[in-house]
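Visitor: Take a look at the letters that make up each chain.
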Amino acid sequence: MQKSSRLAIYALIELASNPERQISTAEIGEKYRVSAHHLAKVLLTLGRAGLVQSIRGVGGGYSFTGNARRITLFDVISLFEDTSTSCKLTAPNVATSEEWALFDISKEINDMAMSTYRSITLATMLKQIERHEKARARKVPHA
Amino acid sequence: MDPRPEKASEGEILIHRATKDDLDHVADLDARITGKAKPEYWRDIYDRYGARRVEERFFLIANTCDDDADCPILGLIAGEVRGWEFGSEPCGWIFAVSVDPDSRERGIGELLFKAICDEFRGAGITKVRTMVQRQNPLHMSFFRSEGMMAGPYTQLELNLDDE
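Chains A and B, in that order, are what the protein sequence lines are. As numbered in our numbering, residues 1 to 143 make up the first sequence, in order. As numbered in our numbering, residues 1 to 163 make up the second sequence, in order.
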């Protein structure tokens, strides 16, 4: 997964966890240790896709405008990288059996990855984060 | 005439073990979802999972009226405890789950899933597994949303016609 896709997912999770709130790129950038400049570019793409909206002025920032139960990781990744599973073998007409065999394995792995991304919505991610935090809280005894 | 039952009312969802009275409704629900009528299959499932070794086999039904034979079902889930296959400790396997398309987004699937997990826990089981078609985003998304993730096994297959 490319960095822009990762940032987009982090930003959407942050915004979808509290859709009423407006959050600045600086705030998100600080949490995930990334530049606000790169994040702004990512949010621009998310805005064009109708997943976030920006509110200008003092106290402004971004807010989530999508449906967390419908938007999958695949939907988000598709905005930033090529997710097609069509044949990407260089010169398939003259490819050797060795090239086809390795291509088959790569395609198998890619298919599994894409179907996993397709099956996970932002709402599922939020639930998974909650479970992770609960498990972590159980492991770390309170002082 | 549309053979489908009326859309279920928003009454309380009840989860209970399947009875013989549910079988026609189960077969009807399955036929509407899959497009294939398999009443014999569901009778066989009931005989094996609803009536025998019920302490480790679970065939659960969701509806709004558990004592009425004319009450259409809203969903079903079936599974059993299996052990030592593929080198696995005993675990719960879910092999069927369906929710009436007209009654989705009401949390019925989640209630069924939690109910069968409680049954597995009651049988001393701490791990639940299922198998999902990768190309079936509905089932994949459902089980994922319930917290299920890829386990240590990978399903492999061979097309014997190619050998």
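Just so you know, the hints here were simulated from the structure itself, not pulled from any lab data. The structure presented is a predicted model; accordingly, all values stated were derived computationally and were not measured. The beta carbon of each residue, even a glycine, is placed where N, CA and C say it ideally should be. Keep in mind that a hint or two might mislead.
Stated by the list, open to error - Here are some of the chain B residues that sit facing chain A, going by a computed Cβ distance under 10 angstroms:
#1 T34
#2 D102
#3 E105
#4 S145
#5 G147
#6 M149
#7 A150
Visitor: Hold the hint about S145/B up to the distance rule: shortest CB distance to chain A must be less than 10 angstroms.
Guide: Hint holds; S145/B Cβ to chain A Cβ min 5 angstroms, cut 10 angstroms.
Visitor: Under 10 angstroms is the threshold here; is the Cβ of M149/B close enough to any Cβ of chain A for the hint to stand?
Guide: This hint holds: M149/B lies near chain A, its Cβ roughly 8 angstroms from the closest one there, short of 10 angstroms.
Visitor: Using Cβ atoms only, decide whether E105/B comes closer than 10 angstroms to chain A, and label the hint accordingly.
Guide: holds (9 angstroms)
Visitor: T34/B was flagged as interface toward chain A. Is the shortest Cβ-Cβ separation under 10 angstroms?
Guide: violated (20 angstroms)
Visitor: Quick one, is the D102/B hint okay against chain A at 10 angstroms, beta carbons?
Guide: Violated, about 18 angstroms.
Visitor: So, G147/B near chain A? Judge it on the closest CB pair being under 10 angstroms.
Guide: This hint holds: G147/B lies near chain A, its Cβ roughly 6 angstroms from the closest one there, short of 10 angstroms.
Visitor: Against chain A, is A150/B within 10 angstroms by beta-carbon distance?
Guide: Because about 8 angstroms separates A150/B from the closest Cβ in chain A, which is inside the 10 angstroms limit, the hint holds.
Figure legend: structure checked against the earlier numbered hints; hints not met, in rising order: 1 and 2.
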